[in-house]
Amino acid sequence: MGEISARTLGERRGVRFKVAQIDVLTEDVELLVVGMFEHDGSNLPTGGANQLDTVFQGTLSRLREGGIFKGTIGETLMLSTPPPPIKARALMLIGMGGSVPSPHLSIGGLTELAMRTALRMDARSAGCLLTWSEREIPSDLVEETATAMMEGALKAIEEAGKGASGEMDWIFDIRNGDATRTANALEQRLKGGRAQD
1 MGEISARTLG ERRGVRFKVA QIDVLTEDVE LLVVGMFEHD GSNLPTGGAN QLDTVFQGTL
61 SRLREGGIFK GTIGETLMLS TPPPPIKARA LMLIGMGGSV PSPHLSIGGL TELAMRTALR
121 MDARSAGCLL TWSEREIPSD LVEETATAMM EGALKAIEEA GKGASGEMDW IFDIRNGDAT
181 RTANALEQRL KGGRAQD
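Just so we're aligned, residue 1 is where the sequence shown starts under this note's numbering, counting upward by one.
Treat the hints as calculated values from the structure; they're not laboratory data. Hints should not be assumed to be uniformly reliable.
[Claimed, not checked] Restricting the straight-line Cα-Cα distance to at most 35 Å, the calculated cross-link-like pairs of lysine-lysine (DSBU-like) are:
id : residue 1 : residue 2
1  : K70       : K18
2  : K155      : K87
3  : K18       : K191
4  : K191      : K87
5  : K87       : K18
6  : K70       : K155
7  : K70       : K87
8  : K18       : K155
[Stated by the list, open to error] Ranges between beta-carbon positions, derived for each pair:
id : residue 1 : residue 2 : range
9  : R13       : H39       : 33 to 39 Å
10 : P85       : E11       : 29 to 35 Å
11 : T81       : G14       : 23 to 29 Å
C-beta: ideal position from N, C-alpha, C; glycine also.
Kindly produce the complete structure, drawing on both the sequences and the hints.
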């Protein structure tokens, strides 16, 4: 897949939503959120988590093997000062479970958890890589997954009453599945509609 052009989707209560292809090492954000699956064929992290594991010299793999952070759904690991070369000021790993999460049962809730964390931190910028892995989102779930992610983010914003404390740029990484369909579904849900299948 080639580079994905960055695009602004719109705004809700001080949060500007964007889509782009995020580099886990060089993205200069206050909070970087990365999903990690519970296991794969070789029981190694994939996607963004794999890049981080390489930088951490296998630490994520060892945490998984030791049962400390296995990537079970909803499990979190927070690093308030990630080491170089990671440019993000804070890093949050979220467990994705054993397979691509069901949109309604989990991915929306995981996105809500990530947004709540960013809001509590009063982050001015956040990158969300929950769906980046070597596991492609099934074609028939692209819009449903994107819609659930936006719904989770919006729920956290509405419940927190974001707006009084400042603004945030929230960037969804959209490299998995069809980037154009994903971006369109995110934008449509942000504007109050539902994605068309």
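Here's how the hints hold up against the structure:
1. K70 x K18: holds (30 Å)
2. K155 x K87: Holds. K155 to K87 sits at ~28 Å (cutoff 35 Å).
3. K18 x K191: holds (13 Å)
4. K191 x K87: Roughly 31 Å separates the two Cα atoms, so the pair holds.
5. K87 x K18: Distance of about 19 Å is within 35 Å: holds.
6. K70 x K155: Cα-Cα ~27 Å, so holds.
7. K70 x K87: OK: K70 and K87 at ~25 Å, within 35 Å.
8. K18 x K155: holds (17 Å)
9. R13 x H39: 33 to 39 Å: This hint holds: roughly 37 Å between Cβ atoms.
10. P85 x E11: 29 to 35 Å: Check passed, 31 Å falls within 29 to 35 Å.
11. T81 x G14: 23 to 29 Å: holds (26 Å)
Of the numbered hints given earlier, the model fails none.
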